[in-house]
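Enquirer: Given next are the chains, with one letter for each unit.
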Amino acid sequence: MDTVSPLERVLRGLAITVVILFFMFPIVWIFLMSFQTNETILRVPPSVVFEPTLTNYTALITGKLETAAGTLEIAFMRNLWNSLFLSTASVAVGLLLGVPAAYAFGRLKFRGSEDIAFTLLSFRFAPPLLVLLPLTIYFQKIGLADTYVGLIWVYQLIVLPLILWIVRGYFEDIPADIEYAYRIAGHSWFSTFRKIALPLAGPGIAAAGLLAFIFAWNNFIFALVLASADKQPVTVGALAFVTASGIQYGQVAAGIVLSIAPTFALALYAQRYLVEGLSLGAVKG
Amino acid sequence: MYDKEKTLVDAYMSGSLSRRGLIKSLGAMGVTAATAGVLVNAAATRALAQNGFDWKKHAGTTVKLLLNKHPYTDAMIANLENFKELTGMDVQYDVFPEDVYFDKVTAALSSGSSEYDAFMTGAYMTWTYGPAGWVEDLNEWITDASKTNPDYNWDDMLEGVRASCAWNGRPGGQLGSDDAKQWCIPWGYEQNNLTYNAAMLDKAGVGVPGNLDELIDAAAAAQAANDGIYGVGVRGSRSWATIHPGFLSGYANFGQKDLNVSDDGMLSAAMNTDVSKDYHAKWVKMIQDSGAPDWSTHTWYQVGTDLGAGKSAMIFDADILGYFMNGAGNAMEGQLAYAPFAPNPAADAPTPNIWIWSLAMSTFSQQKDAAWYFLQWASGPEHALFGATQMDFVNPVRKSVWADSGFRDRLSGSYPGYVDMHDKSAPGAKIHFTAQPLFFDLTTEWAASLQKMVAGEVPVDEGLDQLAESVNRQLKEAGLG
Amino acid sequence: MTQTAPAALPRRRFRVGRRALPYLLSLPALLTCIGILIPFFTAVVYSLQRYRLSQPWARKFNWGENYLNFMSDPAFWNTFKVSMSYAILTVGIELLLGLGIALLLQKRTRFNNFVSIMLLMPLMTAPALASLMWKLMTNPGFGILSYFAELLGFEDFRWASDPSTALLTVVIVDVWVYTPFIMILLLAGLRSLPTQPFEAASLDGVPRLFVFWRITLPMLTPFLLTATLFRVIESIQQFDIIYAMTQGGPGDKLTVFQVEAYLNFFQFTNVGRSAALLMILWAITYFLSNVFIKNWLRLREKQRGEA
Chain P
13 MDTVSPLERV LRGLAITVVI LFFMFPIVWI FLMSFQTNET ILRVPPSVVF EPTLTNYTAL
73 ITGKLETAAG TLEIAFMRNL WNSLFLSTAS VAVGLLLGVP AAYAFGRLKF RGSEDIAFTL
133 LSFRFAPPLL VLLPLTIYFQ KIGLADTYVG LIWVYQLIVL PLILWIVRGY FEDIPADIEY
193 AYRIAGHSWF STFRKIALPL AGPGIAAAGL LAFIFAWNNF IFALVLASAD KQPVTVGALA
253 FVTASGIQYG QVAAGIVLSI APTFALALYA QRYLVEGLSL GAVKG
Chain Z
1121 MYDKEKTLVD AYMSGSLSRR GLIKSLGAMG VTAATAGVLV NAAATRALAQ NGFDWKKHAG
1181 TTVKLLLNKH PYTDAMIANL ENFKELTGMD VQYDVFPEDV YFDKVTAALS SGSSEYDAFM
1241 TGAYMTWTYG PAGWVEDLNE WITDASKTNP DYNWDDMLEG VRASCAWNGR PGGQLGSDDA
1301 KQWCIPWGYE QNNLTYNAAM LDKAGVGVPG NLDELIDAAA AAQAANDGIY GVGVRGSRSW
1361 ATIHPGFLSG YANFGQKDLN VSDDGMLSAA MNTDVSKDYH AKWVKMIQDS GAPDWSTHTW
1421 YQVGTDLGAG KSAMIFDADI LGYFMNGAGN AMEGQLAYAP FAPNPAADAP TPNIWIWSLA
1481 MSTFSQQKDA AWYFLQWASG PEHALFGATQ MDFVNPVRKS VWADSGFRDR LSGSYPGYVD
1541 MHDKSAPGAK IHFTAQPLFF DLTTEWAASL QKMVAGEVPV DEGLDQLAES VNRQLKEAGL
1601 G
Chain U
23 MTQTAPAALP RRRFRVGRRA LPYLLSLPAL LTCIGILIPF FTAVVYSLQR YRLSQPWARK
83 FNWGENYLNF MSDPAFWNTF KVSMSYAILT VGIELLLGLG IALLLQKRTR FNNFVSIMLL
143 MPLMTAPALA SLMWKLMTNP GFGILSYFAE LLGFEDFRWA SDPSTALLTV VIVDVWVYTP
203 FIMILLLAGL RSLPTQPFEA ASLDGVPRLF VFWRITLPML TPFLLTATLF RVIESIQQFD
263 IIYAMTQGGP GDKLTVFQVE AYLNFFQFTN VGRSAALLMI LWAITYFLSN VFIKNWLRLR
323 EKQRGEA
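Protein chains in written order, with our numbering: chain P, 13 to 297; chain Z, 1121 to 1601; chain U, 23 to 329.
A couple of the hints might just be wrong.
[To be verified] What follows is a set of in silico ranges between Cβ atoms, one per label pair, in the way DEER data are often shown:
1) U:ARG130 / P:TYR281: 51 to 61 Å
2) Z:GLN1586 / P:PHE130: 16 to 26 Å
3) Z:LYS1204 / U:GLU172: 51 to 61 Å
4) Z:PRO1413 / U:THR131: 41 to 51 Å
5) Z:GLY1253 / P:PHE43: 45 to 55 Å
6) U:GLU323 / P:SER59: 54 to 64 Å
7) U:ASN91 / Z:THR1182: 26 to 36 Å
8) U:ARG230 / P:GLY214: 24 to 34 Å
9) U:ARG230 / P:VAL60: 36 to 46 Å
[Said to hold, decoys possible] In silico SDA-like cross-links for lysine to any residue, where the CA-CA straight-line distance does not exceed 20 Å:
10) P:LYS153 / U:THR64
11) Z:LYS1397 / Z:PRO1413
12) U:LYS316 / P:ARG123
13) P:LYS153 / Z:ALA1227
14) Z:LYS1596 / U:PRO78
15) Z:LYS1596 / U:LYS82
Rather than coming from a laboratory, the hints here were simulated on the basis of the structure.
Every value quoted in this text rests on a predicted model; they were computed, and no experiment measured them.
For each residue, glycine too, the CB sits at the ideal point set by N, CA and C.
Looking at chain P on its own, in the form it has when it is part of the complex:
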């Protein structure tokens, strides 16, 4: 299409290299650490030459952590499963609640729609700490403390505003004409929403869902305060490697690798929507 001068090519290449270096170096380093023992990690000066070991991963997967102080039980796989379940369920619920609402705000302008939309978004403003203490007390009273249902509900604070706000923009950007034509042809509102609006906004929904998933995955404080040990996510679980005989950096690193993997796989899978499909309508390629 457009011509690019060689100099610009070089500069662009250089820029992208620097960007990749800055953002990927720590990831690569963490990846390398996950195959090392604490002894090689804590070497001076740091070095990339080491004998790789799988002990960190076996420790995480079998749940037995060998340290100077003996064998420790760890529940990392359980934590991983909790993260997976909590994030997936929260995003699913968030989409179920958020997408229709986003459609209402984006497409069917109605009296007070902006106020309601803003109110919903404003839940994002409340610092989580502010609501946590009263929340634990109320959850205790209504029996939601230490339940997945309660947690998924609270996770809506993170997930819902994000979905609502991003998806709403997509609904607004879909030309109304297509839906209109379909309606005129005698189809019900619901079938228009399902057959026309949803597929058109699909990429936006996927992107919002993925971002919401990441934010839910990274959450820390809700499960910690509201649930018992068997419902804790990886973010809390990985801290178990800070032991009396020192931080087990290799295991923390392996834990990070294992906790990035599912999200990364999801992102790669959704790549089509996320990057390719995020652009709407007008562009032809």
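With chain P fixed as given, assemble chains Z and U onto it according to the hints.
Expert: For chains Z and U alone, coordinates are given in the frame of chain P:
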């Protein structure tokens, strides 16, 4: 299941077989040392079952514990089957990593949750939990012969440690006074003393320092003589945890107090005396000259990791931190040694401030008597001996364990100087802080001031005057000063 | 909704539904959140009380006293200042960087698509754990970054433990974690722009810098505002990174709102003060968000008017 083993162990218990002989015979049968320990304790537990106490009173009850990820916890869990067998009770537990453990405790207790019957805590925390009405005064159970088994031997606990867990709830009230409430029971504790890398000190040609000035010199000399290390590790993060270990132990050794208590029970800052200013100045200088370059982010695990990895020559910190850094998986495994430390040249003995991992009972528990059964077993002499000899349950809080020759020999074998250090400093070991509910507010600010002094942002005297002023203001605001 | 025969009275059903429909659609989302709003009001009550968990007998309403105390408290103003500088620095850098990267990756190639996903990895690393790793990497003894700094001639660079570089260090970590968030939103925005104006400009030989300022940027503004909105809210409320890296130190260099509120609640158990701090934080974010959203709506209206 373990019939043959059981016979052997019973022979050992009755005295017809030596400990070494027992372990050897068990080893021949393919039983590991840890399992052997559990078996020995099973025998001790069987003996316990015969002391006339109704252990089965709460059979069928389930108690739930909130625990910190710690070797003490691991030792308890390893031995838990014996308790279940003894009492017919079931025990559930939630273990949380230390970084978030106390947040979890605060969240659970402040919401009045009845989920947990008992939990691990430190004595400082009970200065909040007690007045808040979250924990029970355990004297009620300890003194009740119908609820506590005759072999519990409460007096076996080290006095300083036991007293440090008891407070009458009055701000400034003496710890362990007659009207004190036993908010928690000591389980394991840490003294703050020196752990040093003998090779590094040798290389610098300096001996083990005997007071603060010598420590400062030795740290500087070791740092100069060894490549890529720093002299002395102490904590420095912006937290109460920076004040309570080595720093306060030394501070108390110079006869200094954190707060003054007037006759009418009012509190005021005491950290801006001349002696205190002098001590602070030396401490700050020591960190500037030979402390960790990233001291201000050092919590206990950086202090420990550096020592274990051979990045520092000494630490003036928890003795058990030095203990763990001498174990497998550390570059300096087996190369560390221990010494009691009295920073004040005029002092007769060390006065370590102590951290006590303790057990407390939640006020919101629905089955307190059953929870007490667990507490008296977990803090009882049998489990303490099991933990100390078979697992890493150091430092035990019971005199009987410290008198056990098996335990002493084991320690002295791999941890040179450890037993001697403990014996010398135990008499002066207690909590040297003034008990009051603003403990965390004031010590956090103290740590922040120390950070500013070390960074050279404020001179020591001025910093201490400002700190004292702020402390006094906060005490007044809270109605304590 | 109802299961009546679809063919019957389609027109009438349409009109009735038309009115109630949007409310019905947004109601579940609203109700879900309202339930969580009750604790919010409880927290408002706390903020108006003298309420220390360790002195339950002294709990009473002191109305605005918690707030009034802040006015004369230098520590509070320090918190305010630090939070603001942190937010401005991080969001500013992340916007510039995110936009730059999005522009670099704008073209739809397999390589660019893959890189954009790969760059999301820092965002997928939980900030609490990422900070633990950054702390190790910046450790003066074992840290690879300290090693690099030394190679580059920064002897004894102390990262988060030195008052003069602590802010810089946590900002770097924040930038590392969150720039990908802005990047992906802006990339989506860039690729969704209509091609006609650009084709026209290209035919007319308009300089590319001019195109960027006059066409790309204005059209991208709604996306920029969305990204900024979410980042500003989070950045002012940052906790994980700062607490894990320095606990608010050295000294009082990084005592942002959430760190102060966390300490006041979980360690000092001073619920009243903690709640008041958080209410002020809430008010600030509410105000800023309002400004952003007003502008966002105005821009969208304008754009639609032009389209």
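Enquirer: Just pull the numbers of the violated hints for me, sorted ascending.
Expert: 1, 2, 7, 11
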